[in-house]
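Enquirer: This is what each chain is made of:
2 protein chains.
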Amino acid sequence: MKPGELLIIGGAEEKFHGGEVLQKFVDLAGRQNSGIGILPTASEIPDEVSSDYIQTFKQLGVGRVEVIDVDSRERAENPEILELVESLSAVFITGGDQSRLSKLIGGTRLHEKLTDKWKNGMVLAGTSAGASIMAKSMIVAADTKLNDDKLNVELGTGFGFLDHILIDQHFSQRARFDRLLSAIAENREIIGIGIDENTAILVHDNKFEVYGEHQVLVIDGKSSEFVDIKIGENGSEELTISGFKLHALTRGYSFDLSRRILILKKGKTE
Amino acid sequence: MKPGELLIIGGAEEKFHGGEVLQKFVDLAGRQNSGIGILPTASEIPDEVSSDYIQTFKQLGVGRVEVIDVDSRERAENPEILELVESLSAVFITGGDQSRLSKLIGGTRLHEKLTDKWKNGMVLAGTSAGASIMAKSMIVAADTKLNDDKLNVELGTGFGFLDHILIDQHFSQRARFDRLLSAIAENREIIGIGIDENTAILVHDNKFEVYGEHQVLVIDGKSSEFVDIKIGENGSEELTISGFKLHALTRGYSFDLSRRILILKKGKTE
Chain A
1 MKPGELLIIG GAEEKFHGGE VLQKFVDLAG RQNSGIGILP TASEIPDEVS
51 SDYIQTFKQL GVGRVEVIDV DSRERAENPE ILELVESLSA VFITGGDQSR
101 LSKLIGGTRL HEKLTDKWKN GMVLAGTSAG ASIMAKSMIV AADTKLNDDK
151 LNVELGTGFG FLDHILIDQH FSQRARFDRL LSAIAENREI IGIGIDENTA
201 ILVHDNKFEV YGEHQVLVID GKSSEFVDIK IGENGSEELT ISGFKLHALT
251 RGYSFDLSRR ILILKKGKTE
Chain B
1 MKPGELLIIG GAEEKFHGGE VLQKFVDLAG RQNSGIGILP TASEIPDEVS
51 SDYIQTFKQL GVGRVEVIDV DSRERAENPE ILELVESLSA VFITGGDQSR
101 LSKLIGGTRL HEKLTDKWKN GMVLAGTSAG ASIMAKSMIV AADTKLNDDK
151 LNVELGTGFG FLDHILIDQH FSQRARFDRL LSAIAENREI IGIGIDENTA
201 ILVHDNKFEV YGEHQVLVID GKSSEFVDIK IGENGSEELT ISGFKLHALT
251 RGYSFDLSRR ILILKKGKTE
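Here the protein sequences line up with chains A and B, keeping their order. Here the working numbering is used: the first residue of the first sequence is 1, the next is one more, and so on. Here the working numbering is used: the first residue of the second sequence is 1, the next is one more, and so on.
Just so you know, not all the hints are guaranteed correct.
Unchecked claim - Straight line, CA to CA, 25 Å or less: simulated SDA-like cross-link-like pairs of lysine to any residue:
{"hint": "1", "chain 1": "A", "residue 1": "K265", "chain 2": "B", "residue 2": "V227"}
{"hint": "2", "chain 1": "A", "residue 1": "K245", "chain 2": "B", "residue 2": "S224"}
{"hint": "3", "chain 1": "B", "residue 1": "K113", "chain 2": "B", "residue 2": "V62"}
{"hint": "4", "chain 1": "A", "residue 1": "K58", "chain 2": "A", "residue 2": "E74"}
{"hint": "5", "chain 1": "A", "residue 1": "K222", "chain 2": "B", "residue 2": "G243"}
Quick caveat, the hints were computed from the structure, so don't treat them as lab data. What you are looking at is a predicted structure, and each value in this text was computed from that prediction instead of being measured.
Take these sequences, add in the hints, and give me the full structure.
Expert: Here it is as structure tokens:
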């Protein structure tokens with residue numbers, strides 16, 4: 001069995017009026033049709049967040065929607081929770097703080113269960129914090145303060161469904177180019193992927209296709225010949241880099257994560 | 001005679017305590033030592049802006065500092081103004097609104113005089129709006145609204161001392177990556193140069209060297225194999241681009257604008 005699709009969303013996806021991104025998730029999940037689970041652990045207000053998604057998924061015609069109610073590592077080891085996840089065909093990881101996901105779920109049996117299920121075809125989606133957690137590394141530092149000096153970027157450990165990529169979300173809307181570029185300059189084997197709001201990448205077979213409203217930026221420093229990172233007096237990170245590659249993609253375009261190139265389909269229309 | 005150096009500053013340069021950028025300008029101007037002119041036309045408060053720079057340049061030991069007081073196209077045709085500029089060894093163009101510079105000075109005899117003097121060795125510096133005006137094209141659109149949808153980028157005509165480059169300033173501090181990338185996607189023969197605050201490039205012989213505190217980003221789309229620009233429902237600009245090149249430079253590093261590569265000096269130390 002092949003791993004399931006990963007739908008990685010840049011946050012603030014349209015929840016009503018036929019939002020394309022969540023519709024895509026429901027379509028993918030629907031193939032097996034045994035129910036969608038909502039994992040709201042990243043959020044400090046999990047009940048409110050879950051109730052919004054329950055409403056949305058019900059409106060999109062999903063028969064069974066369950067909340068995977070995990071607010072402690074104890075809960076993430078609970079056999080009932082594992083049984084619930086076992087019974088589902090797809091899991092949606094909500095936004096919030098990605099550090100909560102790694103602290104409360106990283107390394108637990110729930111983490112293991114999600115990994116096993118995904119490897120055997122379960123569809124997983126995540127938005128915002130739920131997007132960042134998908135890869136092995138994730139950005140956990142505070143935002144760059146605009147109109148002030150730049151901050152260092154701090155990386156943490158995600159759920160690791162994807163290796164060699166680093167997801168950033170709310171990308172154009174929160175002007176996160178600097179922090180993603182810094183992270184990639186320090187980790188050149190990793191491909192940086194900045195996903196705008198209400199926009200998603202669907203990852204499958206080491207390729208991704210873009211869905212939704214805005215843009216996905218790809219930063220690739222692998223073939224760069226020179227990188228020098230200086231830390232300024234105030235702790236800001238200043239980069240000298242030579243020849244990084246930059247790609248951007250919108251709805252319908254695809255990227256090959258192995259060959260690190262945009263895939264141009266013949267006869268494509270938009 | 002060779003054209004003079006152009007010192008192009010990303011705004012908010014340190015004015016006291018031995019700020020490196022303005023010190024460099026004074027050093028360059030000092031070689032001929034016949035006085036520095038301040039051109040405050042971009043600013044709506046030219047007197048205040050000028051008085052700050054007069055104080056700074058005097059503190060840096062400049063003997064003669066003059067204000068080139070031009071607030072109308074009539075003034076920009078005035079023989080006394082032209083005579084003043086003729087007598088100077090360097091001119092500093094302040095910040096403000098770059099559209100004021102093009103509207104009030106573009107195409108006038110003052111514009112012609114500055115061009116002639118520069119071609120014959122006069123040193124020119126510009127900060128913020130005064131930086132943008134240096135090239136043939138400049139960004140004049142309003143800023144990208146953060147946390148909102150992206151805007152289109154509008155280009156205007158600068159003084160044209162440099163061809164084939166497009167300057168943006170306050171670059172990291174105002175998170176202007178998106179707007180510069182859009183402008184370059186639409187004009188791929190032009191090299192995009194984003195200069196941070198209190199940071200400058202010194203252009204000479206189609207190369208530039210970086211001075212100051214932060215970072216200079218270079219976006220080069222010339223060798224890209226694919227660009228597709230979509231305008232979203234709300235007028236936002238969404239890009240698909242393949243294989244743009246990205247460079248970043250800090251103090252002491254240089255870039256070759258003809259070959260479009262970072263220049264690595266042997267034995268360089270920092």
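Enquirer: Each hint should be assessed against the structure and marked as holding or not.
Expert: Here's how the hints hold up against the structure:
A distance of roughly 14 Å separates the Cα atoms of K265 (chain A) and V227 (chain B); the hinted pair therefore holds under the 25 Å criterion. The straight-line distance between the Cα atoms of K245 (chain A) and S224 (chain B) is roughly 10 Å, inside the 25 Å bound, and the hint therefore holds. With a C-alpha separation of about 23 Å, the suggested pairing of K113 (chain B) with V62 (chain B) holds against the 25 Å cut-off. Taking the CA atoms of K58 (chain A) and E74 (chain A), the gap is about 29 Å. The hint is violated against a cut of 25 Å.
This hinted pair checks out: K222 (chain A) and G243 (chain B) have alpha carbons roughly 13 Å apart, not beyond 25 Å.
Going through the hint list in order, the structure does not satisfy hint 4, though it satisfies all others.
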